[in-house]
Amino acid sequence: MDILIVEDEAPAARRLERMTAEVLGAAATSLTIRNSLAGAEAYLGDHCVNLVLLDLNLNGADGFELLSRLAAGSFHTIVVSASVDQALRAFEYGVLDFVPKPYDRHRLAKAFDRLHAGRPAETPGMRVLSVKSMGAVRLVPVETVRFFKGADDYVELHLTNGSIELYGKSLEALCQLLPPRYYRIHKSYIVDLAAAQRIHVFGGGKYELEMRDGARLPVSRTQYRAILDKLEHAPA
Amino acid sequence: MRTPFPLHYILNIVIVCGIYGIWECRAQPVDSTAVYLFPHETPVTYLAFWKTRRGDDPLWRSPVYDDSRWTVGAVGTLWARDVAHGTGIEWYRQTIFIPEPIDSLRPCALFCRAAVCASELYWDGILISQNGRIARDASPEIPGTSAALAIVPRRLTLPGRHVVALCVGNARTFSGLVEAPLQIGYLDEILGRMHRTQTVLLLCAGVFLIAALFHFAVMLGRTRGPAYALFGILCLSSALYLLIGALVNYFPTSLSWYYALALINDLPWFCMMVLLPVFFLFEFELPLRLQSSALIAAVALACIVPPRLIMFNLLPVAWLPVFESLNRFYMYAITLFSATISFVNVVRKKQGSLLALAGCIALFAGVFVSFQRGVEYAWALGFCALIALLTLSLSRQMAQQNRKRQESELRSARLELELLKKHIQPHFLLNSLNSIIAWLEENPATAVRLVQALAEELRLILQFSKENLVPVSEELRLCRLHLEVMGLRQDRTYSLQADPAPQTDLVPPLVFHTLVENALTHGFAGKQGGAFVFRREASGGRICYTLFNDGGSGDRDGVPQREGTGIRYVKTRLEEAFPGAWRLSGGPADDGWETRIDLLTGAI
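Residue numbers (the numbering used here), protein chains in the order written: chain A, 750 to 985; chain B, 1339 to 1942.
One chain only, chain B, in its complex shape (with noise of 0.2 Å):
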């Protein structure tokens, strides 16, 4: 069964969107630029939304100052309204409300990830904290870093009427921009928080890290499809995705780089949402493979660049929270994506399908989280336990390739020594020998030709021993062998007529021998000799041929013996080589035994 190939993608985005309509429709923003603080319940809140205003006058930052008619509006917004790009100085301002007194003994800080270039904090009007230095009468700016910590006085936090000023300037770069809301609480808090996020997203970096170094370095140990390389590539850029990120809060950088750094890690990003859906589509051998990783590459394109050109004022930057939308839509895409795979794949009862849908609905929870309760390593997370469940999950499907291949190394050795052992049998070389001792008392040259004959025998039996097919006219060659061997053992006369078989005619090894043998056990009692036929006939892609024999047969008195070794040592090399396409039957015909090999030449 094969489920309808585009019926996936369309299923797949029809829910996608209905259900993220709903939720963006539920998400609208809280229009609200005063915040009540209470450290006791919220060590830590976050200040999401501002009211702002272009330009620069030192009144600005006085508490008394009234900035009702200022824009409301949320961090995390380039600058883009000036001719100049988005350079220059803008004022955020904050009400705060603290009800009652704050415990005395911890301070409170208010943290800013990143505001490009430069910025100052102040406190009901006055000056916290500074970083870097903004450009202003005519003296340059000085860029500040990343990850700035402001404490805040403990005489300014008493109960009462607080006003937050953030000025940020903005000078060099393409355009001004307070990436992520502020936190204001105690210091402890703000900085605990910090380091457990900083810890979850390191940790997880070193899983993804271990994860593409084991991939490769099984890579490199044998010959793998395609599925594991795309692996091991999705681990690497997640943990450079991961580390780049790290790395910036723990060392603080110049914010000057910001937009580079955003740029550089846009790549392992780029990476990360085209391979995982990719790697489902060559996991689970899906048809059309290459169309959809273009097709996808393509979406997470349209969906990663745009950004990107309105960050460097390419295109308007109100389009911004459409495409913030999309990124996040794609994201739910690509999750709910793999899990219909590996879904469809556990309905197919496919191998590994199961933990890969484990990993899948543990990598939606975890973005899912991270969108809905704004926990940044939540999506980390989900995207680590996808990571180990998957490489679980090839880990068990490469120790199953080992076994099979070890398996089958085990079955040609015993098929090998099966041959051997049922064709090289004491009592056939004993026997010949005894004869070879009669002839010689009788005549000597008659004792010669048998062990040449029973020489070559045993020399084309030893070179069939280690193939699985075996043309047919050398297969003949030893049964005329046989044949002669047998024939100045038994001092009587076996001749064997036959077909001429292409070298394209494959057996495999002995099947024909074993047959004769059978027919000269059985068959010929009391008389002076035999005659062998073989015939072949090929017609519409399949390939008949006969052993006759004017012998008897296996069955004495009309009473068919059980089925002999022989004969099961011929069905199994026929089942081994050619599988569910071959079929033996025999039977008694024209004073003879006639047995019959039926071969459908497809399967060669």
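Looking at chain A on its own, in the form it has when it is part of the complex (with noise of 0.2 Å):
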């Protein structure tokens, strides 16, 4: 796994880049560390990396002009800030946790964990997606997606007004970011169970899920089971 580590205090980003390396061992195939906005940039236009650690004050500039930059990547980010007062904001752009300053190893520990477990459940979801289209950001609210389709690495963003925008995580890693009320219907689709009418069952184990605005969308068969539950418990 290659991580980056964005932190402007030395000590910090050292002791930082020290504890990663003793808990992921040898699963943290390369660390780096820059310690500013453009050095960051500079190196995530060259290499690919799989986790970016970051803090939210970052010489003074907003730091969530450039979460909404780093969260357009295809990698995750864990903020690792003592802002502890902008958390929640973090989680509406779609990092995977919040580490607060100071923080021992044990701590650190956990947030490695939610790479396979997903962001923590008591927090609210993201709210925005960033979307980088033609070099510049742009944050399109979850709200507006109708349904998301995986297509490779990427996502496709289907939206209420028509068209169709490429998200750069994976459809596993939006998964995980994703408030509760989204699901994974299907291997390649995740949709918001809240905008779904009802359940068609075709022969052969075949089914599709209706969405309110007419949208048919496939659901695998492993899946119809948990998905009728989760229509029929769900409030009117």
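If you are wondering where the hints come from, they were derived from the structure by calculation, not from laboratory data.
Bear in mind that the values here come from a model prediction, so they are computed numbers and not experimental data.
Yeah, the Cβ is synthetic: ideal placement off N, Cα and C, and Gly gets one too.
Misleading hints may appear alongside valid ones.
[Unchecked claim] Not everything, but these chain A residues come out facing chain B in the computed CB check (under 7 Å):
#: 1; residue: R764
#: 2; residue: A831
#: 3; residue: S832
#: 4; residue: K850
[Said to hold, decoys possible] Partner residues are not named here, just some residues of chain B that face chain A (Cβ under 7 Å, in silico):
#: 5; residue: H1765
#: 6; residue: L1768
#: 7; residue: N1769
#: 8; residue: L1771
#: 9; residue: N1772
#: 10; residue: S1773
#: 11; residue: I1775
#: 12; residue: W1777
#: 13; residue: G1825
#: 14; residue: R1827
#: 15; residue: D1829
#: 16; residue: T1831
Can you join these two chains into the complex? Each is in its own frame, and there are hints to help.
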């Protein structure tokens, strides 16, 4: 796993590097430190990383501007910061975890566990998706997405206005960040179950979920029961 | 704008003299000693003019006696015609015509407030009242009392011509005197009027007394300007003056004390006459207050003292009318004087002046009605209105002062809180703790230095938080501590090179600290350290501080960022400490950034 640490205070950056190496061991194939926003973006332009550990008040630049740009990348982001008042907003932008400073090894290890377990359940989940189009980053509110469709390492965002945007993370990674009402109904689809109408059952193990806006999406055979349960128990 | 000072006075005096002259010319005495009595139409008639003669003769009481050669005179005149000062006996005669029968069920009465010292009253030659005993044939004088009421027997008030004869004897005091016009009319009407007057006067006295107590009580509670003390004494004097007058009427007093009482009553009267204009001088903070007050006191003395000297035969009695006019003139003058001051301040929109002007107008109306219509209590009512309005105005000013004090207390509390919130933010402390942990793991000695620098910085900030101004040298010490903390946290080297600043140089707390903080936040990304240079230049009543750093500034890519909370804090504190006498500017300079604060030193 290739990891980038973005932190402007050198001793703190060295400690984070040290501790990450200890916790992840051989899993951390590379660890890089950048102490400024510009340096971090330059590095990301040339290198592919799996995880960014980010201090939000980076040199005073608006951390969220940076965060929205980083969130458009294919990698997960874990915020390591003393500005705990910004944690909720960070989760809305789609970070995997928020580690408040000062932290210990145990807390950091828990954050790395999220890479498999997903975002902490008590957090609200992301509300905006950073989409990079033609070099600029645009924020797309989660509510304006009709459904998410996986396409290789990307995700197609099918928007209510009919257009389709490409989102940089994989469907697996996205699934870890979205609020709980979003459900992966098929290996290639995530929908908002609150917007689902009913399930059509065809012969031969073929199922389709009809959405309120008329879209019909395939449901995997293994998920059929679970989705039916959720729809029945969902408040009308 | 300031009106030239003496103009008020001159204008005032000219106006008052003019108006007063016209009134005095109009108010010629009515030369009549015969009165027609119509009690149905005029329930009470005043007998102000009499035929008078010094000496004593039993015939003078007779209705048929021919008094046509007697002198015509008004009551209220002192006797000073013979060598033995004003002692002796004087007769007053008055002819009264009753044209038609009088209501037989309502008795008529004559009321004489004071005839110094003993008197006899005859109606058609018949003695109807004796007040004290006149000294005759070697029998000594027994002084009468004030407020003598004589009921005229009903059989004597038949239609036709009647003669009232008043014999006044004075063997003891300096001068004989009939104080006020006698009143003749229905008994119930005379008593009713007397009671109404007394009640109004006592009511006014009560108002003055309460106002005086209020202002004295307020004065005990806090330090106040001289205007409030003056106002308290003014109210107290007014109350005393009215109370003494009213008590003499309520409790008939021996007339041998007449002049002594008059002297005692002159004291509060003098205070009133002086303190009213002086209060306005102080309340509206006019220039030359003490000199003007002395002048007013001198004029008041000149008006009040001579009549008393005349009373004791030290000045010719013929001057009395002149001084009485002067007294009335003075009363108009101070009323108009106060009104003028109020009016000028109304024009200047000074707080409380409108109420004061309304009060002055009320007083003027009261004085005017008192003098021109002879309504005794009108001036007291006017004065009462003035005092009430002034008390209201002063109370409002006090409320406003209270509010201002509370606001300023609140403001300094807010500044302190703002300072602490801005400079001891949780993320600053938490980041520092995180750095301390990092250094503990790498190099504990550095961690110890960081903890010490941080502790010292926090101590200094807490100490500064309660101050409005701190010495520049202390502020620079704080900057050095902050640079040390941040240097250790970022593993960079920051330096601050500073011109020495004298201990008398003061700035609001954390102003330079904030500028240093700003520079650290914006300027030194990707560098190994930074240098700060503080310079101080004083010239021509102006001090200029510049803080240079070799890092960047608030603007990235040449685009200035919007004003941050740091700069807002600096501006707010500078404006609090040096209202309008500061300037803050900044810009790129020599591969770095320079911030400059100019202070007009006169403001410190």
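Hint check:
no., hint, result
1, R764, "4 Å, holds"
2, A831, "4 Å, holds"
3, S832, "5 Å, holds"
4, K850, "4 Å, holds"
5, H1765, "4 Å, holds"
6, L1768, "4 Å, holds"
7, N1769, "4 Å, holds"
8, L1771, "5 Å, holds"
9, N1772, "4 Å, holds"
10, S1773, "6 Å, holds"
11, I1775, "5 Å, holds"
12, W1777, "6 Å, holds"
13, G1825, "11 Å, violated"
14, R1827, "5 Å, holds"
15, D1829, "4 Å, holds"
16, T1831, "12 Å, violated"
In the structure shown, a violation is registered for the earlier hints numbered 13 and 16, in ascending order.
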